[in-house]
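Whenever a hint applies, use it, and build me the whole structure from the sequences.
Going line by line, the protein sequences match chains B, P, G and F.
In this text, residue positions in the first sequence follow the working numbering: the first is -15, and each later residue adds one.
In this text, residue positions in the second sequence follow the working numbering: the first is -15, and each later residue adds one.
In this text, residue positions in the third sequence follow the working numbering: the first is -15, and each later residue adds one.
In this text, residue positions in the fourth sequence follow the working numbering: the first is -15, and each later residue adds one.
Treat the hints as calculated values from the structure; they're not laboratory data.
Everything numeric in this text was worked out from a predicted model, so none of it was measured.
Accuracy of the hints is not assured; some may be wrong.
Since the list can't tell identical chains apart, any single copy or any two copies may satisfy a pair.
[Claimed, not checked] Cross-link-like lysine to aspartate or glutamate pairs, in silico, EDC-like; alpha carbons within 20 Å at most: (1) 230 with 211; (2) 230 with 212; (3) 230 with 1; (4) 230 with 301; (5) 230 with 70; (6) 230 with 68; (7) 230 with 345; (8) 230 with 78; (9) 230 with 292.
Number of protein chains: 4
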Amino acid sequence: MRIEPVVGAGLREQFHEVRRLSEALVAPLSDADATIQSMTDASPAKWHLAHTTWFFETFLLRDHRDDYQLFSDDWPFLFNSYYEAEGPRHARPERGMLSRPSLDEVRDYRARVDAAMEPLFGRPELVGLIELGLNHEQQHQELLLTDIKHAFSRNPLGPAYREAGGGAAPSADGIGWREHPGGIAQVGHGGNGFAFDNEGPRHRVLFEPFALADRLVTNREWADFVEDGGYRAASLWLSDGWSWVKQDSREAPLYWRDDEEFTLGGWRSRDDDAPVTHISYYEADAYATWAGYRLPTEHEWEVMAQGEDADEGCQLDDPEEADSFAHPRGSAGLFGDCWQWTRSAYLPYPRFRAADGAVGEYNGKFMSGQSVLKGASCATPRGHSRASYRNFFYPQQRWQFTGLRLARDL
Amino acid sequence: MRIEPVVGAGLREQFHEVRRLSEALVAPLSDADATIQSMTDASPAKWHLAHTTWFFETFLLRDHRDDYQLFSDDWPFLFNSYYEAEGPRHARPERGMLSRPSLDEVRDYRARVDAAMEPLFGRPELVGLIELGLNHEQQHQELLLTDIKHAFSRNPLGPAYREAGGGAAPSADGIGWREHPGGIAQVGHGGNGFAFDNEGPRHRVLFEPFALADRLVTNREWADFVEDGGYRAASLWLSDGWSWVKQDSREAPLYWRDDEEFTLGGWRSRDDDAPVTHISYYEADAYATWAGYRLPTEHEWEVMAQGEDADEGCQLDDPEEADSFAHPRGSAGLFGDCWQWTRSAYLPYPRFRAADGAVGEYNGKFMSGQSVLKGASCATPRGHSRASYRNFFYPQQRWQFTGLRLARDL
Amino acid sequence: MRIEPVVGAGLREQFHEVRRLSEALVAPLSDADATIQSMTDASPAKWHLAHTTWFFETFLLRDHRDDYQLFSDDWPFLFNSYYEAEGPRHARPERGMLSRPSLDEVRDYRARVDAAMEPLFGRPELVGLIELGLNHEQQHQELLLTDIKHAFSRNPLGPAYREAGGGAAPSADGIGWREHPGGIAQVGHGGNGFAFDNEGPRHRVLFEPFALADRLVTNREWADFVEDGGYRAASLWLSDGWSWVKQDSREAPLYWRDDEEFTLGGWRSRDDDAPVTHISYYEADAYATWAGYRLPTEHEWEVMAQGEDADEGCQLDDPEEADSFAHPRGSAGLFGDCWQWTRSAYLPYPRFRAADGAVGEYNGKFMSGQSVLKGASCATPRGHSRASYRNFFYPQQRWQFTGLRLARDL
Amino acid sequence: MRIEPVVGAGLREQFHEVRRLSEALVAPLSDADATIQSMTDASPAKWHLAHTTWFFETFLLRDHRDDYQLFSDDWPFLFNSYYEAEGPRHARPERGMLSRPSLDEVRDYRARVDAAMEPLFGRPELVGLIELGLNHEQQHQELLLTDIKHAFSRNPLGPAYREAGGGAAPSADGIGWREHPGGIAQVGHGGNGFAFDNEGPRHRVLFEPFALADRLVTNREWADFVEDGGYRAASLWLSDGWSWVKQDSREAPLYWRDDEEFTLGGWRSRDDDAPVTHISYYEADAYATWAGYRLPTEHEWEVMAQGEDADEGCQLDDPEEADSFAHPRGSAGLFGDCWQWTRSAYLPYPRFRAADGAVGEYNGKFMSGQSVLKGASCATPRGHSRASYRNFFYPQQRWQFTGLRLARDL
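Structural data, given as structure tokens:
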């Protein structure tokens, strides 16, 4: 659901919908599943549940209810993620050591905090913070899925998170191109509705004429790249990318094994027509070079997406239907299936200024070394994305549902 | 219980007693507790339960029951520890990724294997292998306790495995010395009863006159060493030990924090009269140098212990009483409380020859780089140790219940 | 000298001037000095001399003189830097193992190649390649100086490369601001004269109004930042930068020690009025945040520099005067003293396309993870820089003469 | 020469002979050759020259000549190796950064210290320290050769230290066995003559009957082991050894390449009859297992060697002939060619006590984690070794001239 809260009942309802989805996502997991951490980039499912709750407890309840007693004096240390202004915290690589608290204790924590939020929904000055907390939780919903996928992929038994339903992707034809004549246009978030601070200020950008592919690169096309020696041809790769390839003798996207790929439903036969996913920026760039095209800039993507329905193709919906996901299936439209690597480095927009205090650490401090991804993925909650959304990861990271849409100059 | 099996009912009874103790030890743990792995040296509790079962399944059921069907075709890959002859296996540092199988599934595995063992107790030619399997499981019972202690110590909440009972250690007086006049004596296992291959062959050793302390070094004495700058005086340390100290700015035994220490009952006030534990070989050696003594050799220790009751001071008994442990309390006698570092490198005895096949990998291949420890600890199952027992760890390892008994020349 | 070669005598003269400067720069070094490699980022002086010669031998003599015999069949393996298309090569971290060939043998190599170049100066189709080789060599001249500075800084004796002359920097007053009204302007190389491929194509950029400081940040100002706890305040730093600070407990620019700094003349008292140098991107960004300003974009810097004399303030001149450098002294103008970190990631300009073949690896493949620096430094050869020049380094690198010029929005 | 100094002229003569040999060994090296450090285990040749001089300057001149002025106040920091009691020192891995002082400056240092030693040869109370200093320098002579061999092996040009002369090894027949009946015998240094502290006290040892091979294992035999899959059969290896093999995909001794090996004379065809060398303890142990034998203990080796001429087969003689080495050639006798790995851990002898002060750090503090090697090698100076000599290295180290002599039980 798109979070467009109205003070009072509307906000309360949205709050509970978002919170329920998190719990529904954890339903298939055991306490043990929800405890393990498969790499430093990932966090345990239990941690996601608790951290998103800590956000509300800290920035809403503690700061705005005089009578609020912390659920536990020890837990804030455990469940602060990276907010330096909130003091010392548990080291990220240690999150997988937390067999305690148990998943059920974390659920109690959530219930206690949810209940304590009740008097705050009617206070207009808190709407912005509550919205931020809900959008924050939606981001962790997606991470929760990609993190558990990674954890399960490390288990030689290849367990399934859920038996995924859904049919094959529609046949992917040749690429069609959507053209843009160039000129000056506005990008960045404007108008009403929630947006993260990094999406603004809205500002003018000068474009040269370009074209954007009307679909993502598919598994079939990627297999051609592999077959053609793409992972062995240094000339196709950025220098850092080539080091990355050689360092671990990489030769395919994450989760590929022969003709299979690992999914949230376990190991499955790969669907040739579906979009390729779990690729790094380096791989996306090398493929584009091989194909004779390039990656779009973040602004090129955004200017083409303005006005599109960002939820078309969204698979992660209300809790009851939450089992019909999360796997790329070849959506129409620019959004959906996979976050799309752009050529743009994640940097501040002109006149960007981070908020004061801990909340100001939300986005700004990550503005070095990462690349912008646009769109949304099969694991993005409904209502969470928009054209101005700027997702960002390091160029070697690929455990998110990342994919590739080609661009070219006109 | 000391394992002295008689073919048939006696063997069966011992088998089930040992197997029950393992399960009793895991009773306080959740599935999540039993899943996490806090370092490469340690293994998850669940893994210990399954691996000891794999031993019986592989070397008894698979090899000696034609009609036996493996519980799972995939599990042997997961639960082989280090037997190269048994083929490829799951990497040790990955054991903490196994949220599946669940603890309950592992319990089912145990029940299935236990039942399938039934026809084998009556076959005399298998007694030796079954004994080996039971002694093997006893070793893992101790590891299970030290591994979960380590895992819980990494949790900032400091959870207790069990609320430990038991009073304070008796007052530790000055050291008394047990003297040995030197000469030739026999060491190594001889006669009947089970022993590991590394305890033999029994052979003659020439001794110079020496004396052995009648008790272990205590926490109070160790605190004096710390207070006196023991961890800052390079001259007391072996060169490797000094590097080890500086590398992580070490300044106390593992699990010390101010006046407390971490125990299986959580953080507790340190008992000054109790034996110091969780020290490395380097620390033991530095302390002995500081105190003006030395570590005993493994043979010195053994020759003094011959004839002593190895179970005196044993805390890890039958399942019903299993909660009255595992913490050093100042036992009389040479055994008990802590495994005692000796100056002896872990090397083969004269004419030692490892057995053929996978079982031959049990001990011999570890004979480099490690030091021998003698005695038993508060976490050693009753009946498991003896004077000829040779425990061994790397000099920097200290997550076992390791301690120190001084020696001197006469 | 600015390289504006004319086919024939003019080109020959420039060739020899550039080549002579390299040799002059190595004159103060012993064979041993020229052999050591202090980190992977740096190369031995001897290697720089040989690699720049390999460039001419490979791309000019081998490819364009049928009768040319390689100086050695083994050396191309040693002195290829990163050209994948030229085949396998010696690993970069191993360069410091090359005590052979000796510095004198490398000088012979240079003489032999220089002589063999003679017939090529008159061939118009080779002018571009020769120009590229000379600009390439100029880049290595600067690296040679920063690399030997780094190597000498690791020697506890603190040797001087040259006794540096020159007086103190002029008094640095308050910052003046040069304003730009915004609008559309052209950036990138256009017109005649040499430029690297990454400086083009020239293209339009849209600016918002901004102002650029009229001088670099000084040592005095940086000392205030240090004094004010700049290196201890997480809120000032990018997240990657804060990790970088904590990882090695950094608390000052590279080469600072109390009130001194290490220079090519050894340890010297720090000049408060001189520009601060040897700072990382992370430090530059944190300082700007602390000061209430920001880094300029590469385009902001460039548009202000268009038309300025890029050689004003240049210290690295002809061989005879080469001893009057290389230390920031507070030049007027935008160029000189220090390469200036910009906020811009090093990415391809619109419609950029790398050349074919090995020479195409010159710049394009480095376009990820690095930041653009503009200007020139006290170690940049005369005639090497220009407004469109794009230097680039990783954000943590600081062994180059890097500095900081503030910007702000209008 | 065996160092058996007589106070006065005899001692002076021996001093100068030893000191001259060091300089002769460095004669073929350039300043650059003498500067590089190819791994942390190794040191630059220049460093060896200076460190051995520092030993005399510190423990003789500084401590025993009131009027002595240090050659440099800074150099002791650079050239102390590991004597904690002598204060802080330059980090070992940084030794390769010392392009300054130059080799010639180090030679001046040697000359200055040698001259200043003059009045000390007549003082009887200093004979022991001077002897220690000379034996210490002899150890570094051997290290200097093995270190420069390692450094040159890293250079793709494969430079020769010296064009080595000498013919092929004599044909190696089947192994003959020298038998020992067992019983009690004395080991350790006794009587007059120099010995290191770790060789004593002399003490009784009890032997079981055994036999020792009358020659070392040859290259031909080792090639059979390789051919037979020795490096691929886990069952032959110690567990630590197998990890070591797999970690770097090892498949032959250090310096083997096809049918060649790297020598101090560069790459040469391998002599099948010569003793295999540059093997780790792990390799020696695996070979012995493969061959059906075992390594000797240090005491077995010593008791057989008592009374033998330790210099038979010595190649490293007086400076004028110093070019006829250092390569294993198949000596008769127990000494010579290669240091021989024993099964014995390097531990203190009964009643061993290190000397007080810095000199006490010479041997004792290394008594953990290492294995004893007996004999001498083709790079051991004449007069340096003896039956009681205990050399020691870590089990993975193999850049010394290490080899293997088999043993078996009787």
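*Run the structure past the numbered hints and jot down the numbers of the failing ones, going up.*
3, 4, 9
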